[in-house]
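Construct the complete structure from the given sequences, taking the supplied hints into account.
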Amino acid sequence: MPSTPTSTNPSPLEPRLYSVTTQELLRALPSRRDVEVLMDLMRASPEVCYQLNYKSHLPMSVKLPNMRAQIPNLLRPETNLVLLARQMLLFAMALQCISPLRQISELSKHHHLIMADLAESAIKTVTTNESLLGSLEGIGNIVLEAIYYMDCGDLRRAWIAMRRAVMAAQLAGLHRRAPHQLRGLDDRNDLDSEIMWNSIIYMERITSLLSGLPTSTGSANIALQEVTNDAVPGQSLHVLIGNAAGRVLERNQIDSSQQALELTEDIDHALIKLAGQMPTAFWRPPEFAGLARDSVEAFNETRRALSHSSYYTLVIQLHMPYMLCQSHASQRTYSKIACVNASREIALQTFNPISSSCRMNEIRERGTATVTAELDESIEELITLLQDIDTVISCMSPASMKLQIPLIDAAVKAGVKRFLPCNFGTPSARGILALRDVKEEFHDHVFRQKLGFTIIDVGFWYQASIPRVPSGRFDSAIFMPLNDVYSGGSTPNMLIDARDVGKMVARIIKDERTLNKRVIAYGDVMSQNEISDCIEDKTGEVLELVEISDTEAQNRLDARKTAYAADPENRSNRFLLAAAQYAVTKYVRGDNTPENARYLGYVSANELYPEFRYNSYTEFVDELLTGKIERPYPDIKLS
Numbered sequence: 001m002p003s004t005p006t007s008t009n010p011s012p013l014e015p016r017l018y019s020v021t022t023q024e025l026l027r028a029l030p031s032r033r034d035v036e037v038l039m040d041l042m043r044a045s046p047e048v049c050y051q052l053n054y055k056s057h058l059p060m061s062v063k064l065p066n067m068r069a070q071i072p073n074l075l076r077p078e079t080n081l082v083l084l085a086r087q088m089l090l091f092a093m094a095l096q097c098i099s100p101l102r103q104i105s106e107l108s109k110h111h112h113l114i115m116a117d118l119a120e121s122a123i124k125t126v127t128t129n130e131s132l133l134g135s136l137e138g139i140g141n142i143v144l145e146a147i148y149y150m151d152c153g154d155l156r157r158a159w160i161a162m163r164r165a166v167m168a169a170q171l172a173g174l175h176r177r178a179p180h181q182l183r184g185l186d187d188r189n190d191l192d193s194e195i196m197w198n199s200i201i202y203m204e205r206i207t208s209l210l211s212g213l214p215t216s217t218g219s220a221n222i223a224l225q226e227v228t229n230d231a232v233p234g235q236s237l238h239v240l241i242g243n244a245a246g247r248v249l250e251r252n253q254i255d256s257s258q259q260a261l262e263l264t265e266d267i268d269h270a271l272i273k274l275a276g277q278m279p280t281a282f283w284r285p286p287e288f289a290g291l292a293r294d295s296v297e298a299f300n301e302t303r304r305a306l307s308h309s310s311y312y313t314l315v316i317q318l319h320m321p322y323m324l325c326q327s328h329a330s331q332r333t334y335s336k337i338a339c340v341n342a343s344r345e346i347a348l349q350t351f352n353p354i355s356s357s358c359r360m361n362e363i364r365e366r367g368t369a370t371v372t373a374e375l376d377e378s379i380e381e382l383i384t385l386l387q388d389i390d391t392v393i394s395c396m397s398p399a400s401m402k403l404q405i406p407l408i409d410a411a412v413k414a415g416v417k418r419f420l421p422c423n424f425g426t427p428s429a430r431g432i433l434a435l436r437d438v439k440e441e442f443h444d445h446v447f448r449q450k451l452g453f454t455i456i457d458v459g460f461w462y463q464a465s466i467p468r469v470p471s472g473r474f475d476s477a478i479f480m481p482l483n484d485v486y487s488g489g490s491t492p493n494m495l496i497d498a499r500d501v502g503k504m505v506a507r508i509i510k511d512e513r514t515l516n517k518r519v520i521a522y523g524d525v526m527s528q529n530e531i532s533d534c535i536e537d538k539t540g541e542v543l544e545l546v547e548i549s550d551t552e553a554q555n556r557l558d559a560r561k562t563a564y565a566a567d568p569e570n571r572s573n574r575f576l577l578a579a580a581q582y583a584v585t586k587y588v589r590g591d592n593t594p595e596n597a598r599y600l601g602y603v604s605a606n607e608l609y610p611e612f613r614y615n616s617y618t619e620f621v622d623e624l625l626t627g628k629i630e631r632p633y634p635d636i637k638l639s
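Residues 1 to 639 (our numbering) are what the sequence shown spells out, left to right.
Hints listed in this document are in silico derivations from the structure and should not be mistaken for laboratory results. Take the hints with a grain of salt, since some may be wrong.
With a straight-line Cα cutoff of 27 Å, these simulated DSSO-like cross-link-like pairs (lysine-lysine) come out [said to hold, decoys possible]: (1) Lys402 <-> Lys517; (2) Lys413 <-> Lys517; (3) Lys417 <-> Lys517; (4) Lys628 <-> Lys503; (5) Lys517 <-> Lys273; (6) Lys413 <-> Lys538; (7) Lys503 <-> Lys517.
Predicted, not measured: the structure shown is a model, and the values here were computed from it.
Here is the structure:
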């Protein structure tokens, strides 16, 4: 026999009881003067928060709600007890948006005391009253109670409220996803029973994860509803995150360490795949500059930022148990990196990973634990710092690369299992790229020490593969314009978005198949002609290109060698020499190809991890057109 909600046929005593209770709630309302003052101060309604949790996080077959919702008007309180409680909760949630430090002299008491009085009166009188759960608003009020407690930082009470919401929804039959008798009290609230059930599952699981407590939703899946208006990417993300959160909670209850590890790896792969299914532009850092406060664009950007936070929070919850796990060394390293990267993303800062990669202050500001050490002084200090470290990744400028020697020696004595020398370039034999020859010397030092290693090359950055367009619209992003076309422009080259390198490295260092191997990873293979065609197609401009013969390319290289020999300390000379050598190896010799990497003995990361989705060059150009790609090496001026 199907479950039924609380009877909708009240006893003769109930109307009188409800009338008395309604009067009690009305007496808990602030004075008319206080309400008028507060309504003037409220710039945004908490209905946005309500819609975020009930609608905008979940795909649905209705249009997005109006971004500017009406502030609950307590000057005209509802006569229905449940609707009045809803008004009070929404008004209290709006007051949470006003800083508790703000002093409002016109009020009879502090606005956060008014907030607490409204919320606690509605919760004590209505949301905890089981006889008032016979409507969608009645159940929705419990969810609003949970949101209120979450915004107060009281996760335990939020978790308890969500447990009650699950029970109330199940009693009402919402979990059956079939037509039932439970309806709303006011059509203006536009509540949908299926969306409400999906939201309840999602929020209960999130509060369970954050509280370290079990879920009551079991294996229930959040339904992916048909989307007819998918103007905002990521509407389905929260559905999938909610289902993944259920699997993490399931993992947390497993006693078998091996079974838990296997499920963790499976969930990790699923989350990576999920991220790869989203449009590349969806993962760009949130940007609110220039957006009107109450605009649709600001609402959508807020929702996207919340989606980022939810995804990365789930990644942290997945990997946190393994950060200090001694029995799974490789998983510990991978989980540490995953947690650090996810924590950085949650910071929601505008941060350029290329131009700021060596600026320690900015790294510290992102909450990353940093340790300062002098690599050319006491090796004993380095050994101490590297104790219990499984993997060391070296990222050094050409000028400081020699300091890898003491770092390698300390890694050997500290018992480091894997060392990644600073490489991350194009594959080639010795004698072609001076910088590559220097790197090979450090490879040899690793080999002599018999230290476990992985050497990773990634081709050439998209960020350094941009031709100048006549309008100059890309000038702020260009380090060296790519308008010289070598060998007819048909030589293919491996390219990668610099922002994908770290993501791939995190995978490679976890994989035993890459230990003591050279690994190549790349996002696209394109010739100069294909790059030019892509830019012209996207911009509608005709590029001004210069044909360079193989002989002229060699003459340019000889001239750069002469200039560098005359002033080797000049950074501009060093970069220009490297550029000339790269032009020969990439375009004249054709060294930067998957085929040459395979010939040189590289293992292909693209074959090892076929599920990983790189940003394509075409997608990079789309982002370039927005003006949000910054110039790499902004402090270097080339002459």
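Hints, verified against the model:
1. Lys402 <-> Lys517: Between Lys402 and Lys517 the Cα gap is close to 22 Å, so the pair holds against 27 Å.
2. Lys413 <-> Lys517: Judged against 27 Å, a Cα distance of about 21 Å means the pair holds.
3. Lys417 <-> Lys517: holds, 13 Å
4. Lys628 <-> Lys503: At roughly 20 Å apart (the allowed maximum being 27 Å), Lys503 and Lys628 satisfy the hint.
5. Lys517 <-> Lys273: Distance ~25 Å between Lys517 and Lys273 Cα, so the pair holds.
6. Lys413 <-> Lys538: violated, 53 Å
7. Lys503 <-> Lys517: holds, 18 Å
Consistency note: the structure conflicts with earlier hint 6 alone.
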